[in-house]
Amino acid sequence: MSEPSASEPLLEVDAVSVRFGALIAVNQVSLRVARGEIVAIIGPNGAGKTTLLNAISGFYHPDEGRIAFDGKDRTRLQPPDVAALGIARTFQNVALFRGMSVLDNIMTGRLLKMHGSFLLEALYWGPAKRQELEHREFAERIIDFLEIQAIRKTPAGRLPYGLQKRVELARALAAEPKLLLLDEPMAGMNVEEKEDMCRFVLDTNREFGTTIALIEHDMGVVMDISDRVVVLDYGRKIADGRPEEVRRDRAVLDAYLGVA
Amino acid sequence: MQDIAYAVVVAPFKDMAGSPAFLVEVLIGGVFAGLMYSLVALGFVLIFKASGVFNFAQGVMVLFAALTLVGLLERGAPVVVALALTTGVMVALAFAIERVVLRPLVNQEHIILFMATIGVNFFLEGFGEMLWGANVKKLDIGIPDRSFIVRGVQINELELTAAVTAAVLVTLLALFFQKTRIGRALRAVADDHEAALSIGIPLKTIWVVVWSVAGIVAIVAGIMWGAKSGVQFSLSLIALKALPVLILGGFESVPGAILGGLIIGVGEKLGEVYWGPLVGGAIENWFAYVLALAFLLVRPQGLFGEKIIERV
Numbered sequence: 015m016s017e018p019s020a021s022e023p024l025l026e027v028d029a030v031s032v033r034f035g036a037l038i039a040v041n042q043v044s045l046r047v048a049r050g051e052i053v054a055i056i057g058p059n060g061a062g063k064t065t066l067l068n069a070i071s072g073f074y075h076p077d078e079g080r081i082a083f084d085g086k087d088r089t090r091l092q093p094p095d096v097a098a099l100g101i102a103r104t105f106q107n108v109a110l111f112r113g114m115s116v117l118d119n120i121m122t123g124r125l126l127k128m129h130g131s132f133l134l135e136a137l138y139w140g141p142a143k144r145q146e147l148e149h150r151e152f153a154e155r156i157i158d159f160l161e162i163q164a165i166r167k168t169p170a171g172r173l174p175y176g177l178q179k180r181v182e183l184a185r186a187l188a189a190e191p192k193l194l195l196l197d198e199p200m201a202g203m204n205v206e207e208k209e210d211m212c213r214f215v216l217d218t219n220r221e222f223g224t225t226i227a228l229i230e231h232d233m234g235v236v237m238d239i240s241d242r243v244v245v246l247d248y249g250r251k252i253a254d255g256r257p258e259e260v261r262r263d264r265a266v267l268d269a270y271l272g273v274a
Numbered sequence: 303m304q305d306i307a308y309a310v311v312v313a314p315f316k317d318m319a320g321s322p323a324f325l326v327e328v329l330i331g332g333v334f335a336g337l338m339y340s341l342v343a344l345g346f347v348l349i350f351k352a353s354g355v356f357n358f359a360q361g362v363m364v365l366f367a368a369l370t371l372v373g374l375l376e377r378g379a380p381v382v383v384a385l386a387l388t389t390g391v392m393v394a395l396a397f398a399i400e401r402v403v404l405r406p407l408v409n410q411e412h413i414i415l416f417m418a419t420i421g422v423n424f425f426l427e428g429f430g431e432m433l434w435g436a437n438v439k440k441l442d443i444g445i446p447d448r449s450f451i452v453r454g455v456q457i458n459e460l461e462l463t464a465a466v467t468a469a470v471l472v473t474l475l476a477l478f479f480q481k482t483r484i485g486r487a488l489r490a491v492a493d494d495h496e497a498a499l500s501i502g503i504p505l506k507t508i509w510v511v512v513w514s515v516a517g518i519v520a521i522v523a524g525i526m527w528g529a530k531s532g533v534q535f536s537l538s539l540i541a542l543k544a545l546p547v548l549i550l551g552g553f554e555s556v557p558g559a560i561l562g563g564l565i566i567g568v569g570e571k572l573g574e575v576y577w578g579p580l581v582g583g584a585i586e587n588w589f590a591y592v593l594a595l596a597f598l599l600v601r602p603q604g605l606f607g608e609k610i611i612e613r614v
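Quick mapping for you: the protein sequence lines, in order, are chains R and U. Counting the first sequence from 1 gives a position; our numbering is that position plus 14. Counting the second sequence from 1 gives a position; our numbering is that position plus 302.
Quick caveat, the hints were computed from the structure, so don't treat them as lab data. Take these hints with a grain of salt, some might be off.
As the list claims (entries may be wrong) - Once the Cα atoms are required to be at most 30 Å apart in a straight line, the calculated DSBU-like pairs of lysine-lysine come out as:
#: 1; chain 1: R; residue 1: Lys127; chain 2: R; residue 2: Lys143
#: 2; chain 1: R; residue 1: Lys86; chain 2: R; residue 2: Lys192
#: 3; chain 1: R; residue 1: Lys192; chain 2: U; residue 2: Lys506
#: 4; chain 1: U; residue 1: Lys440; chain 2: U; residue 2: Lys530
#: 5; chain 1: U; residue 1: Lys506; chain 2: R; residue 2: Lys143
#: 6; chain 1: R; residue 1: Lys127; chain 2: U; residue 2: Lys506
#: 7; chain 1: R; residue 1: Lys127; chain 2: R; residue 2: Lys167
#: 8; chain 1: R; residue 1: Lys167; chain 2: R; residue 2: Lys86
#: 9; chain 1: R; residue 1: Lys86; chain 2: U; residue 2: Lys506
#: 10; chain 1: R; residue 1: Lys167; chain 2: R; residue 2: Lys143
#: 11; chain 1: U; residue 1: Lys481; chain 2: U; residue 2: Lys506
#: 12; chain 1: U; residue 1: Lys481; chain 2: R; residue 2: Lys167
#: 13; chain 1: U; residue 1: Lys481; chain 2: R; residue 2: Lys127
#: 14; chain 1: R; residue 1: Lys208; chain 2: R; residue 2: Lys192
#: 15; chain 1: R; residue 1: Lys143; chain 2: U; residue 2: Lys481
#: 16; chain 1: R; residue 1: Lys86; chain 2: R; residue 2: Lys143
#: 17; chain 1: R; residue 1: Lys167; chain 2: R; residue 2: Lys208
#: 18; chain 1: R; residue 1: Lys192; chain 2: U; residue 2: Lys481
So here's chain R without its partners, still in its complex pose (with noise of 0.2 Å):
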């Protein structure tokens, strides 16, 4: 198999529709996110963001159109499959595994990467030790990452809604994934988290490569770290570009704005 060139686009969303019945969500979207970018989805409420989101995590299967990861089509795929493919995401309303502590969520974040027999690990011993040790010290590594040293022991149920959202990230992280999915990352947020959740969001892409695609609401945000901005509205597509482009667009303004 060749290496898939550098121009090729990581992610393709070709002429993608998602619906509810009589409600279409998401109305023949195409989008292309190429390898290293921070592309940002970005439009009013009920525009099908999340629900195109979830359509290329492979939580809903587009009733048209199709979706190709790393040059290879996708679109049907189960969720569990789309993660082992080196996807990645985040949920709107924090999804962790709230019982366990920020180590453990962090930990399942390596369950794919991890092989071997189960006896072995039900008595940590050989190679399951090693095996467990190596992936420890990946997932301590994403913890001085998002510097969150001090609550790696702490019931992630337990945590404020800034820190849990940080350790669903870390979580994310820890798969290592090629592709890294955002459900609104800084919602709910004051400023300094917000700035905090912007630097690691930067550095995740920068440190390791990571291709990102990310729902935001706050356009300040956006504009900051975005490489591309698309725009959704009422399940369209309305623009697709640099974020200064975007900012200047009619019918993004018109969207905003409420005009008809």
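Since chain R is already given, all that's left is putting chain U on it; use the hints.
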């Protein structure tokens, strides 16, 4: 009045102190009964942890496993072969339940899944009767049912074997849940389905694994109960005894299921033997439920259950 107080508070303890060997025998009987309850409760806990489903059919699974084992033994299969085949049947049952019941009902309300397990309960009961007949059967896989005496205390070999088996099983399960990646995946699924899917945990596989493990636990429980009191349809009713055990121990806790079972087993035997004559006996039948009720008032999450604190 004083007589009653004496009979309730003092006399039973005098009896206990008067004959320590007998007290130890009663305690051992209680521990044995308790471990049996624990084994059934364990099946509940496993399934509840991994899928949030309260599996009403757990008691019938014990019955079904015992019936299958006895049926195979009666048809002349050697013990090892019969055990292997029964394990195969329980795993096949897990696959079938995942495919026919759980998968079509994914993301439904808990109460709907609960109702579905009631359906499974009646199906299995009828199916077991159809396959193996409705007679009371003797289950004998060669565990000796002799007694020997240590320092004046009579110990039954069957009860001893059961206790050791239960202890080993519980240790293995605890290790499995805490240390293996499947165990971690199980806990993840228990906490949040969507998040588990998003990090690549296939729900279907996990469900088949837990129902299989619950099936295997049911075999062990079935063997022990069956050897003690024969395989009969009332076996499925021990599921009702597992309920107070769960309330005591907490629905999500493996150690809780064990300890809860022991407390109830020992408690009801002590109550029956020492306080029973005061009220004409039969304490054994209601002790567990009264204790569970008291627990619900004082500590509704159980001994080891997680206290749910909702953020408002």
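Evaluated hints:
no.: 1; hint: R:Lys127 with R:Lys143; in the structure: holds, 15 Å
no.: 2; hint: R:Lys86 with R:Lys192; in the structure: holds, 14 Å
no.: 3; hint: R:Lys192 with U:Lys506; in the structure: holds, 25 Å
no.: 4; hint: U:Lys440 with U:Lys530; in the structure: holds, 9 Å
no.: 5; hint: U:Lys506 with R:Lys143; in the structure: holds, 27 Å
no.: 6; hint: R:Lys127 with U:Lys506; in the structure: holds, 19 Å
no.: 7; hint: R:Lys127 with R:Lys167; in the structure: holds, 22 Å
no.: 8; hint: R:Lys167 with R:Lys86; in the structure: violated, 40 Å
no.: 9; hint: R:Lys86 with U:Lys506; in the structure: holds, 25 Å
no.: 10; hint: R:Lys167 with R:Lys143; in the structure: holds, 20 Å
no.: 11; hint: U:Lys481 with U:Lys506; in the structure: holds, 21 Å
no.: 12; hint: U:Lys481 with R:Lys167; in the structure: holds, 17 Å
no.: 13; hint: U:Lys481 with R:Lys127; in the structure: holds, 16 Å
no.: 14; hint: R:Lys208 with R:Lys192; in the structure: holds, 24 Å
no.: 15; hint: R:Lys143 with U:Lys481; in the structure: holds, 10 Å
no.: 16; hint: R:Lys86 with R:Lys143; in the structure: violated, 36 Å
no.: 17; hint: R:Lys167 with R:Lys208; in the structure: holds, 24 Å
no.: 18; hint: R:Lys192 with U:Lys481; in the structure: holds, 28 Å
Comparing the model with each numbered hint stated earlier shows that hints 8, 16 do not hold.
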